[in-house]
Amino acid sequence: MNDTLIIIPAYNEAENIDSLVQKLKHADGSWDILVINDGSTDNTSKLAKASGKAVVIDLPFNLGIGGCVQTGFKYAKLYNYEYALQFDGDGQHKIEEINKLLNIVKNKEADVAIGSRFVQKHGGYKSTSPRRLGIKIFEITSYLMIRQKITDNTSGFRAYNKKTINFLSENYPTDFPEPEIVIMLGKNKFKIKEIFTQMQERQGGVSSISLAQSPYYMIKVLLAMFMASIRAKQIESEIDTN
Amino acid sequence: MNIQYIAITGSILLLFFVLHLIRKKSLKEEYSLLWLFFCFVFLVFSIWRDGLDYFAQLIGIAYAPAALFFIFLLAILMILIEFSIIISKLSDKSKNLAQEIGILKMEIEKLKKQTRNP
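If you read the protein sequences in the order shown, they are chains F and V. The numbering of the first sequence is my numbering, which starts it at 15 and goes up by one. The numbering of the second sequence is my numbering, which starts it at 6 and goes up by one.
Bound-form chain F, shown alone (with noise of 0.2 Å):
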């Protein structure tokens, strides 16, 4: 067993999943690979296990990213892994920055490394227009609350430190958390670093946000991330029993 590891959420991802195990195996042996297959309905499961290179957990219904994450972290708590890193099920991360965020981390750096698209003005997919809209009324938001400029705040592509993935396993918001969780952890003094990466299309699979749900999207995050804003000192006193 090793000390890092990789979480991949999957929703019928059946296209993609068995050449990304066996990639993200094949670029790296020092990191387990975990797919949570998030009640799919096509053969993720089965062809993320016939890989033979990763754990598999099948969670018996739809739970949202959210709850099919946070097992990821109830996962990595059980098997005391060091790190953890979320890696999308959809293509949309590139495997060979997975150690670029790592070192963030391994390095102690920070307790949460992100990455962004943002950071840097070119390079790689930077979503549509309206997307991105939404991605900088986010950033303001964070940035008033939390007093640090985090330009990706719905970036899923993130590696974790123990300390952290403690925290996340008790605390994760149930859909779309990434902003959520940027406030959780900034109000909770956990270091967060934004590095640049790049971001291709999806390779397969539909978002899970479409334009018809992007208000209710943007004002249920909105609203999350200002009630885990106002929250924080109530998770804090449960961080230090921890």
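What the hints contain is simulated information worked out from the structure, not anything from laboratory work. What you are looking at is a predicted structure, and each value in this text was computed from that prediction instead of being measured. Backbone N, C-alpha and C define an ideal beta-carbon position, used for all residues, glycine too. Among these hints, one or two may not hold up.
Footprint (simulated), chain V over chain F, 3 or more residues, beta carbon under 8 Å [claimed, not checked]:
(1) 66-74
(2) 111-122
Each computed SDA-like pair below joins lysine to any residue, with the alpha-carbon atoms no more than 25 Å apart [what the hints assert, rightly or not]:
(3) F:K67 - V:L116
(4) F:K60 - F:E96
(5) F:K67 - V:E114
(6) V:K94 - F:N94
We have chain F already, so just place chain V on it with the hints.
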């Protein structure tokens, strides 16, 4: 006066219906407390007309039985909020269960494999 009889009959029927549900164990005692409390309030105000008049005057409602509707709306609002709280708790619990089940299933499969080829 007619509305008073309707209100009295209505609150008694509601009270017995809620009690019946509890007796049948269709409704848990802890979730029935708000219902019982408001049944009691309706009953008191439908019988005790002067009390209703006084209450209506207090909050500035000219037609006293309308105050009953006001209490009724308030009751529904509170009960609905209670439901939202219960639903949120339940969904959190079911999420935790699903996660535990997922991890346990994986562990069982691992153990099975180990016993098959030790």
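Each hint, compared with the structure:
Coverage of the region 66-74 of chain F by chain V holds in this model, with 6 residues showing a Cβ closer than 8 Å to a Cβ of that chain against a need of three. Proximity of the region 111-122 of chain F to chain V, defined as three or more residues with a beta carbon under 8 Å from a beta carbon of that chain, is not established by the 0 residues found. With a C-alpha separation of about 17 Å, the suggested pair K67 of chain F and L116 of chain V falls inside the 25 Å cut-off, and the hint holds. With a C-alpha separation of about 28 Å, the suggested pairing of K60 of chain F with E96 of chain F is violated against the 25 Å cut-off.
For the given pair, K67 of chain F sits about 15 Å from E114 of chain V by alpha-carbon distance, which is consistent with the 25 Å threshold. Distance check on the hinted pair: K94 of chain V and N94 of chain F sit about 29 Å apart at the alpha-carbon level, beyond 25 Å; violated.
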